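As a plain string of letters, each chain reads:
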Amino acid sequence: MKQNLHQPLDVAKGLDHLLTDLPSEVIVLHSPSGIIHYVSHLGALIFGASSSLVGRSLIDRFHPDDQERVRQTFSEAALNATTIPPMTVRVVGDGGEIRWVVLFTVAVKDGAGKIIELHSTMRDVTQQIQLRDRIVEYDTLAFTTNELAKVGGWYHDIDTGFTFWTDELRAMYEVDEQFVPTGDSIRGFFTQEDFDRMINAMSLASTSDQPSVLEVPAHLSGRRIKWMRVFFSVDRREGNTSRIYGATQDITEIKEREQELERLVRELTHQRDRLEEFSHLVSHQLRAPLTNLTSLVSLLRDTSDDDERLKLENTMIDAVGGLERTLEEIGEAVRIRNMVAPKHEKIYVRDLVLSVKAQLAQSIRDSEATIEIDTDDVPVVDYPAVYLESILRHLVSNALRFAHPERSPVVSVSTYLDEDDDFVLEVKDNGLGIDLGRHGDRMFRLGSTFHRSSSGRGVGLFMVKTMVESLGGEINVQSSPSESTIFTIALHKHRAEEVE
Amino acid sequence: MKKLLVALVDDDRIYQFTTERMLQRLGVEIGFLWFKDGEEALGYIEEHREQPDELPDVLIVDINMPYMDGWQFLDAFRAVRATLSKNIDIYMVSSSNDDRDVKRALTTEGVCDYVEKPITREKLTLILAHRM
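Protein sequence lines correspond, in order, to chains A and L. In terms of my numbering, the first sequence opens at residue -17 and continues consecutively. In terms of my numbering, the second sequence opens at residue 973 and continues consecutively.
One thing to keep in mind: the hints can contain errors.
[Said to hold, decoys possible] Simulated pairs of lysine-lysine, DSS-like, Cα-Cα distance not exceeding 30 Å:
#1 A:293 with L:1008
#2 A:293 with L:1075
#3 L:1075 with L:1058
#4 L:1058 with A:293
#5 A:293 with A:339
#6 L:1075 with L:1095
#7 A:410 with A:328
#8 L:1058 with L:1095
#9 L:1095 with L:1008
[Unchecked claim] Negatives, chain L to chain A, calculated, CB over 10 Å:
#10 994
#11 1036
#12 1070
No lab work stands behind these hints, which were simulated from the structure alone. Quantities reported herein were computed from a predicted structural model and do not represent experimental measurements. Glycine included, each C-beta is placed from N, C-alpha and C at the ideal position.
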């Protein structure tokens, strides 16, 4: 029974009509085999019959699929003289039209108690059935669309304070029918700030006639978060706000995609900035020795003095050497940046520190340095060993080079997990420290040094940062001049537990 | 006429060498000072603040220096400039062709001009012409 779902359905009006109108009933007296003896005046209408029904078969008037049930009912009524529970069946009119009736059959007995015929009452319930079907269809459609769109409904009655949640909404908040939605119980899903925002949105809807909408994170059990888009609309009766209606949509997937997109944009912007900075640095690093060579060539052309020529030529050799070193460094940086998926392996951090310690043994002895190792929190990790070792060697080597002149260097290498559960490698020293106020923004740039006595070319920290970033991590520095410097390298995931 | 004194603040030893040579070949007697970083230059200037003959007439400052860059030097120099017994012309130089540096140099108070490396005899002549 197809209904046009685009037709407005006024359920309340339909019910009123059905309850107040007189029932359309027809009475039929017939034999147990269904031969009609008498039919009341509405019979022609209900059966859709164009001629008299007396003497014809009542059973034939029913829908072929229902005839067997009707036949059984009649014979049961005739045999047992019992009251048969009413049944809903279809009758088919002469024109093929179908009507639904509730059939109720009782046996009629004579004075001796013998069954002489059957008395069937049929009530036309076509409208009710159609209405029921439409309600079921609407309900199914609403359920399906709600499920597809992840929407649940609710209302809050301002006069009584009662709040109603649909089953879909309960499912979204993962609560059962025992849950009573009240201000206090709903507050439990939100931070105070978000809850206040919802109250404000509700007030706005109730005062402005404008539906309002809000996106809030709901906190569910197990520290899980579901993002909800809540729509508020108001129902005014006689000018007064009496009910706030709402729809709540689970937009967690959309939100997660949005957040992922934002993360990607941030990452791409960061990469673009890094690339820009890198190309700028490369340009400068290459231009500096080239401009020197240009000047030297120009001077060489203008001189005829042999001694001066020799000096200029030697200086040119130095300049070319500098250019070669710069090219090597840039090449190394490019190689690290472009390296795709460097091989990860299981690394015992303590062993790695001991290996670096062995490589720097001479410097450690010369400076009477102490290397402390504490890798108890995260003893084993899974990263490219060659990177991690290089990073560690650069940092420990720097700590030794920039030791405080008045004390022996103490370099502490430790591992731990930060609040985001990321692996942190920390290298702390008691050396000269770095004036971050002055050098902070140039800290990891190519060609930056932070100590006047430095013999370095400002390559180490740039390479360290390049390696850390190629591993998807971050490097940070804290320092107090003349006291200490702490480098922290935070790397995402890939702890050893995940590979074992 | 007193001879002009030119000071170069640049960590690049080769650049120092070529600049000094070019000054020598200008055909006028010019004194030359070289500071490998800003702190060294500031130390000298503060030490000679009341001796105008010892202070440079022209200061050529490289922007990209590893320990203290040209802008950081300029910030520190500004604090002592008013106490000096001589007005010093400042030129910012760099091998970078970064527009940001050029713009900053041209809009920073106390900076005469931005000069792109390599420095040439012609550029040096123009710089010195202001003080000759």
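Now the hints, each set against the structure:
| no. | hint | verdict |
| --- | --- | --- |
| 1 | A:293 with L:1008 | 21 Å, holds |
| 2 | A:293 with L:1075 | 37 Å, violated |
| 3 | L:1075 with L:1058 | 27 Å, holds |
| 4 | L:1058 with A:293 | 35 Å, violated |
| 5 | A:293 with A:339 | 43 Å, violated |
| 6 | L:1075 with L:1095 | 19 Å, holds |
| 7 | A:410 with A:328 | 24 Å, holds |
| 8 | L:1058 with L:1095 | 23 Å, holds |
| 9 | L:1095 with L:1008 | 21 Å, holds |
| 10 | 994 | 7 Å, violated |
| 11 | 1036 | 6 Å, violated |
| 12 | 1070 | 6 Å, violated |
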